[in-house]
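Use the sequences and the hints to build the structure in full.
Listed below are the residues making up each chain.
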Amino acid sequence: MNARKALVAFMTFIGGLYFILEFVVPPTLPLATTTGIALSKKVPVFTIQTKDGLPMSVPADSSVSFFIMRRNKAGDFQSTEQKSREIFPGQVATIRTRAITVGAFNDKGERLDDSGNPIILKPGEVPFTTDGLEASQMGIAYQKVVGRIRDNGEANINTLQPGEIVYVEVRDATIKNIDRGELVLLVKDKQRTLKIGNASVIMRNLRRSQPEEINIHQVNLGDTISIGPNTLFRDQRDTASQFNSVIGTLALGMGLLSLGMVNLRKLKKKESEWYTSIIFFVAIVGGVFAGIGKYQPSGTSFRLFSDTMVLQIIGAMGTAIFSLLSFYLASAAYRAFRIRTFEAGLMMVTALIIMFGQTPFGMYISGWIPQDFQALWLPNISAWILRVPSSAFIRALTFGAMLGAIATALRYWLNMERPAGMGDD
Amino acid sequence: MWRLLARLDRIHRKVIYVILLVAAAIPFFFDIRLPLYIWDDTRTIHELTDTCPKDKVVVICSNWDPGSQSENWPQYESVVSHCMMKGIKLVVFSLDSNVIAPQMAETINEKQAALYGRHYGVDWVNLGFTRGAPLMMGTIGRNIKSAYPTDYKGSATNDYGKLPIMKNVNSCKDFRIIYLIEYQATNDWMVWLDPTGSTPIVYASAGIVSGNWYPYIQSGQIKGMMAGIRGAAEYEQLTDEKYGERYKGRKDLRGGKMIVPLAFGYLVIIMFIVIGNVGTIAVKKLKGSAK
Numbered sequence: 033m034n035a036r037k038a039l040v041a042f043m044t045f046i047g048g049l050y051f052i053l054e055f056v057v058p059p060t061l062p063l064a065t066t067t068g069i070a071l072s073k074k075v076p077v078f079t080i081q082t083k084d085g086l087p088m089s090v091p092a093d094s095s096v097s098f099f100i101m102r103r104n105k106a107g108d109f110q111s112t113e114q115k116s117r118e119i120f121p122g123q124v125a126t127i128r129t130r131a132i133t134v135g136a137f138n139d140k141g142e143r144l145d146d147s148g149n150p151i152i153l154k155p156g157e158v159p160f161t162t163d164g165l166e167a168s169q170m171g172i173a174y175q176k177v178v179g180r181i182r183d184n185g186e187a188n189i190n191t192l193q194p195g196e197i198v199y200v201e202v203r204d205a206t207i208k209n210i211d212r213g214e215l216v217l218l219v220k221d222k223q224r225t226l227k228i229g230n231a232s233v234i235m236r237n238l239r240r241s242q243p244e245e246i247n248i249h250q251v252n253l254g255d256t257i258s259i260g261p262n263t264l265f266r267d268q269r270d271t272a273s274q275f276n277s278v279i280g281t282l283a284l285g286m287g288l289l290s291l292g293m294v295n296l297r298k299l300k301k302k303e304s305e306w307y308t309s310i311i312f313f314v315a316i317v318g319g320v321f322a323g324i325g326k327y328q329p330s331g332t333s334f335r336l337f338s339d340t341m342v343l344q345i346i347g348a349m350g351t352a353i354f355s356l357l358s359f360y361l362a363s364a365a366y367r368a369f370r371i372r373t374f375e376a377g378l379m380m381v382t383a384l385i386i387m388f389g390q391t392p393f394g395m396y397i398s399g400w401i402p403q404d405f406q407a408l409w410l411p412n413i414s415a416w417i418l419r420v421p422s423s424a425f426i427r428a429l430t431f432g433a434m435l436g437a438i439a440t441a442l443r444y445w446l447n448m449e450r451p452a453g454m455g456d457d
Numbered sequence: 007m008w009r010l011l012a013r014l015d016r017i018h019r020k021v022i023y024v025i026l027l028v029a030a031a032i033p034f035f036f037d038i039r040l041p042l043y044i045w046d047d048t049r050t051i052h053e054l055t056d057t058c059p060k061d062k063v064v065v066i067c068s069n070w071d072p073g074s075q076s077e078n079w080p081q082y083e084s085v086v087s088h089c090m091m092k093g094i095k096l097v098v099f100s101l102d103s104n105v106i107a108p109q110m111a112e113t114i115n116e117k118q119a120a121l122y123g124r125h126y127g128v129d130w131v132n133l134g135f136t137r138g139a140p141l142m143m144g145t146i147g148r149n150i151k152s153a154y155p156t157d158y159k160g161s162a163t164n165d166y167g168k169l170p171i172m173k174n175v176n177s178c179k180d181f182r183i184i185y186l187i188e189y190q191a192t193n194d195w196m197v198w199l200d201p202t203g204s205t206p207i208v209y210a211s212a213g214i215v216s217g218n219w220y221p222y223i224q225s226g227q228i229k230g231m232m233a234g235i236r237g238a239a240e241y242e243q244l245t246d247e248k249y250g251e252r253y254k255g256r257k258d259l260r261g262g263k264m265i266v267p268l269a270f271g272y273l274v275i276i277m278f279i280v281i282g283n284v285g286t287i288a289v290k291k292l293k294g295s296a297k
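Those protein sequence lines, which keep their order, are chains A and C. First residue of the first sequence? That's 33 in this note's numbering, and the numbers climb one at a time after it. First residue of the second sequence? That's 7 in this note's numbering, and the numbers climb one at a time after it.
Derived by calculation from the structure, the hints in this document are not laboratory data. The structure displayed is predicted, hence computed values, not measured ones. One or more hints might be untrue.
Claimed, not checked - Pairwise CB distance ranges (calculated):
#1 A:N149 x C:L54: 29 to 35 Å
#2 A:L218 x C:K60: 46 to 52 Å
#3 C:V28 x A:V420: 35 to 41 Å
#4 A:T271 x C:R39: 51 to 57 Å
#5 A:S94 x C:L54: 37 to 43 Å
Glycine included, C-beta positions come from ideal geometry on N, C-alpha and C.
In structure tokens:
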């Protein structure tokens, strides 16, 4: 095995391993994980200091979210939502403490929430709504302070319609101390109180799908919960995804480069139909300009060029090719659907019902049937065929195809098949 | 008589082509509207979209291109026009599609936004194109801003001054519903986007492949479907029935227009299937009498 083959085999194995681990490796260390039925919980409490130096205690219930500023791929700082277990003392975070649905006014003219309680903001809290147009026009981003806010803890929000949602945040707060809370589980008929640590992951086991990671405040009485130390694998999923994206994009560039080299060689050697290579390069240049032009404002000539290239030329050509299919389809249907055997007749009748069901004519033909017997309307018969016999067939087909795909994938993964582009040996 | 009918057994394909062309072209010269029977699959997704709460967004993975625009354009247009009319916030992106897919989508977005006075970044955002499915589907479900750090126009998705709509869009928990509009979207979305299966997924695909999704509707993995032009026309009709005059751009939408030539085309195909069988029977009769 030469070095190139070994490299491809190794990369294929690593890639396959990642996919398997993604699904197979549990999110918590198996022997250190406890599973039981939730009986009660004590939610975490975050002691923070606001930007102005005010201390605040935030119980991390269902309305609380944490955001940390991180650099994104473009190099800009980006506010990223974090799970409460990913927050540590000393960090600076924006904490969304709650969301309030605005209700009516009370007799004193104070604004109430939708439960009828006065809306009270603590010092350091910033309210905002998401109707960002007005806010962005004012040049203060999404931050729209509404109503009167007084430092004594009273606030009236009086500029909004009932039903609108107001979010409340504490911006750039420093985390001083964290009590991660605890959970009481029923494990093998015994109650166990489990302290939540920095690396604890809480998973809710679901009847119909994969377990989901939740925060402690999302635990409901009676949920089947697994708690254990994090395996750290799940937290790297976004990195793996971005790596995959980069590889895919590189492949796109390599394809273009390869096409360019082939066409350049054709031009140099004046091979047969060499002029098609000129069209290729003209199309590439046109495509590049169209690509740049799409970012220009509507109405500019550059944008017009881009829209003409994409919608009027590429769009028209693509649609023309696709629409040719309908003519072949009509011709093929005329020749294929002949009642030569019982099975062929069955297929033809089914095809006719499905076709009538897909068009308004289905109801023209069968609409006279009384509503009590609407199951006999052609669209309903068509729907039944698609939902019952057709679905059963598709399930069987998919199941068989997937078994084959798993076998083939295993052969590729273990280098038992010859990878593409590796020659004949 | 049988000899005459037997000629129907071998009609030249050019005759079929011409008749199909004429039938499909007639509705373009006369304004014909046909009443529709609304399928449950379309009704479900329309209701889910129409009842979108203010703190959630409708998300569209717009992967269609010129090749499939005859069916996907009306589908995309029907959802966008509904959202723009009602003021439902809309997030659009493309994943592993033709690279011009975001531009095709934006053409419709801008047209509908102008009609209803909506603003980019506030009422809708186009996040552009990225690669890397299926892993990227998981990233979109967990943290869409990590998958799309900038939008189609180059603004950072965390720049809430330019894109206030993104302030409350972080993971699939903020999606009211996600539409996958392309010729035939991959099944991977059901596995990767939201492993808990609580985000409503809708497939809007070409009519010819729409039969593939019924097993998944039965199992609850997808909430509904928009099947080809029929689905788009039904969606438009549902919006029209509910909002009437307020849905002012309806007459220019392609769903209601394109269902008519499609229906006429189907009629021609059905007609030729019947004619072909009459011809076959006639040929059999002739052969029988010759023996």
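Hints versus structure:
As the Cβ distance of N149 (chain A) to L54 (chain C) is approximately 31 Å, the hint placing it in 29 to 35 Å holds. In this structure the supplied range 46 to 52 Å is violated for L218 (chain A) paired with K60 (chain C), their Cβ-Cβ distance being about 39 Å. For the pair V28 (chain C) and V420 (chain A), the supplied restraint of 35 to 41 Å holds, since their beta-carbon distance comes to about 37 Å. Between T271 (chain A) and R39 (chain C), the C-beta spacing of about 53 Å keeps the proposed range 51 to 57 Å intact.
Distance hint check: the CB atoms of S94 (chain A) and L54 (chain C) are about 23 Å apart, inconsistent with the given range 37 to 43 Å.
In the structure shown, a violation is registered for the earlier hints numbered 2 and 5, in ascending order.
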